[in-house]
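2 protein chains.
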Amino acid sequence: MFNEEILNSMSKELEKYFEKDSNLYNASKHLLLAGGKRIRPYLSIMAYNLKKDGLDEIMAPALSVELIHNYTLVHDDIMDNDDERRGKPTVHKVYGEPIAILAGDLLYAKAFEALSTIDDSIKAHKVLKILSKACVEVCEGQTDDMEFETTFPTMEQYVNMISKKTGALIEAPILIGAIMADCTMEETEALYQYSKRIGINFQIQDDILDLIGDQKTIGKPVGSDILSGKKTMMVIHALDTLSNDKKERLLQILGNENAKSEEITEAIGLLSNSIEYAKNLMNESTIEAKEFLKIFDENRRKPLEDIADFIVSRIM
Amino acid sequence: MFNEEILNSMSKELEKYFEKDSNLYNASKHLLLAGGKRIRPYLSIMAYNLKKDGLDEIMAPALSVELIHNYTLVHDDIMDNDDERRGKPTVHKVYGEPIAILAGDLLYAKAFEALSTIDDSIKAHKVLKILSKACVEVCEGQTDDMEFETTFPTMEQYVNMISKKTGALIEAPILIGAIMADCTMEETEALYQYSKRIGINFQIQDDILDLIGDQKTIGKPVGSDILSGKKTMMVIHALDTLSNDKKERLLQILGNENAKSEEITEAIGLLSNSIEYAKNLMNESTIEAKEFLKIFDENRRKPLEDIADFIVSRIM
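Residue numbers (the working numbering), protein chains in the order written: chain A, 46 to 361; chain B, 46 to 361.
Think of the hints as simulated: they come from the structure by calculation, not from any bench. Given the structure is predicted, the values throughout are model-derived calculations rather than measurements. Worth double-checking, as some hints may not be accurate.
[Said to hold, decoys possible] Here are some chain A residues the structure puts well away from chain B; computed CB gaps all over 10 Å: (1) PRO134; (2) GLU232; (3) THR233; (4) ILE257; (5) ARG294; (6) LEU326.
[What the hints assert, rightly or not] Pairs of lysine-lysine, DSBU-like flavour, derived with a Cα cap of 30 Å: (7) A/LYS174 <-> B/LYS174; (8) A/LYS335 <-> A/LYS96; (9) A/LYS174 <-> B/LYS57; (10) B/LYS178 <-> B/LYS82; (11) A/LYS265 <-> A/LYS241; (12) B/LYS82 <-> A/LYS174; (13) B/LYS168 <-> A/LYS174.
For every residue, glycine included, the Cβ atom is placed at its ideal position computed from N, Cα and C.
Given the sequences, and given the hints that come with them, work out the whole structure.
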């Protein structure tokens with residue numbers, strides 16, 4: 046699905062930002078170079094390639110988003126005190142918390158340093174606006190996400206939260222691609238509409254995989270969000286639509302860290318209609334997203350169409 | 046020494062970035078609006094005023110450095126697990142560690158958002174290069190500082206560390222002032238030389254105050270760096286110059302968390318020649334710094350001359 050050559054160029058370019066051999070730099074690249082889908086910079090490049098060929102001009106701004114994404118993961122893992130990510134121990138488990146905080150901060154700095162290498166000042170300035178705004182939104186979305194652990198958000202609040210927490214760093218690289226490719230206002234608006242939809246779908250699919258994915262493939266126990274009491278779209282929908290007794294049963298299991306595996310399975314059963322609801326919503330949204338791409342050349346838009354489909358069908 | 050009107054404008058402008066009423070925003074402004082010297086944005090404005098009048102154009106880029114400085118303090122306090130700063134409980138003590146990490150991250154984002162409001166794209170681009178490079182250096186300097194807790198740096202390594210940890214965020218606002226004021230290459234180089242010197246002096250004076258400052262004024266116990274075993278310029282100089290037995294005695298006390306107050310006083314006594322050495326070095330460096338300013342108008346350079354003197358004579 047993703048072009049291996051492009052993925053390799055990305056990794057090579059990313060390595061260049063962290064060539065120094067020190068504890069801080071090793072901590073910063075620990076997660077960054079351990080893999081990951083690189084979907085954000087890939088989206089940036091594919092958006093750019095709608096109008097312009099090549100990678101040279103788009104690579105650094107595309108990678109800036111990957112660097113921001115990685116800083117958020119490093120800091121997130123500290124906040125959640127998670128032990129593993131991408132099959133490796135988390136940065137703070139290996140390097141300790143102080144260096145992990147600094148490693149996230151360095152990734153953050155390197156993202157803006159990457160931006161600053163854009164040749165054209167007017168483009169650099171536009172990209173700076175997009176990326177800094179996305180960084181603000183990610184912080185806001187993550188805080189909302191944490192606060193929803195102890196409250197019951199409405200569906201609107203939930204969608205607003207994920208469009209910041211997850212959507213902002215899907216929208217930004219696409220808009221950055223549009224800026225670097227000199228897209229017209231109309232083209233940029235179409236890409237924005239596309240990005241809004243696939244960004245939200247990305248988070249919903251993540252949450253669906255937590256319920257019905259394969260434990261080995263997704264790299265965490267199925268139902269972990271139920272244990273932690275996460276208010277996903279499916280949970281919110283179920284609480285809105287289930288009969289009172291089923292709803293009560295779901296609330297008994299949700300967030301109960303000692304729930305048995307039969308109870309997890311029972312909760313997932315209670316969510317089955319809501320999973321269907323979410324899947325339908327994603328499918329409609331994917332169709333809409335691809336519709337917005339129709340103003341672009343048929344061959345050039347193919348990768349972005351494929352990514353829209355990939356996001357809602359991926360198994361990891 | 047500082048113009049009250051300018052300080053007030055700064056605080057008012059800073060408030061605008063954090064008007065939202067949420068846990069995250071309250072945590073972000075907890076320290077930011079609790080005071081602080083605002084020396085970094087002030088330097089930026091005074092450098093700008095060497096060539097141009099007014100505040101409008103320089104305010105946002107000047108404040109971007111203050112925002113970065115505050116993010117480093119919030120994250121630092123987490124790393125050091127400090128309870129108080131500026132006479133108030135630290136952000137993580139009030140809001141918990143996860144929100145404090147995010148509050149630092151939001152201040153970071155707001156700094157680059159502030160930059161993005163510069164009207165002139167070419168200037169915005171130049172300022173972006175300066176600020177992102179400074180952010181990288183701060184992370185590197187902070188890591189070195191932590192690593193020096195368990196090693197013995199040479200004087201060169203120490204000066205290199207403080208010119209990153211502290212100097213980078215003194216140099217950046219001055220160079221940003223130069224960019225915004227359209228300084229020539231020669232003028233920018235002069236400001237760079239000035240900034241290098243006062244940045245290093247700033248940290249040395251901080252370390253001197255820890256030894257011979259007034260506990261109430263500096264807001265922490267005198268000799269706290271001796272307890273924590275910090276390798277300041279004075280310590281490095283003393284270890285290089287003291288007789289073997291005095292050196293041994295100093296090493297017995299340095300970093301001994303249970304050292305008695307008489308021992309702290311004894312260690313400060315052992316450092317007295319080194320304090321004089323550092324003061325002399327700072328005085329020479331201040332003279333040099335002010336010498337570099339001589340290419341600017343006599344009246345306009347006065348505030349920067351005063352700040353150079355203030356940095357080495359301040360008592361807090």
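Hint by hint, which ones does this structure get wrong, listed from lowest number up? The structure conflicts with no hint, since it agrees with every one listed earlier.
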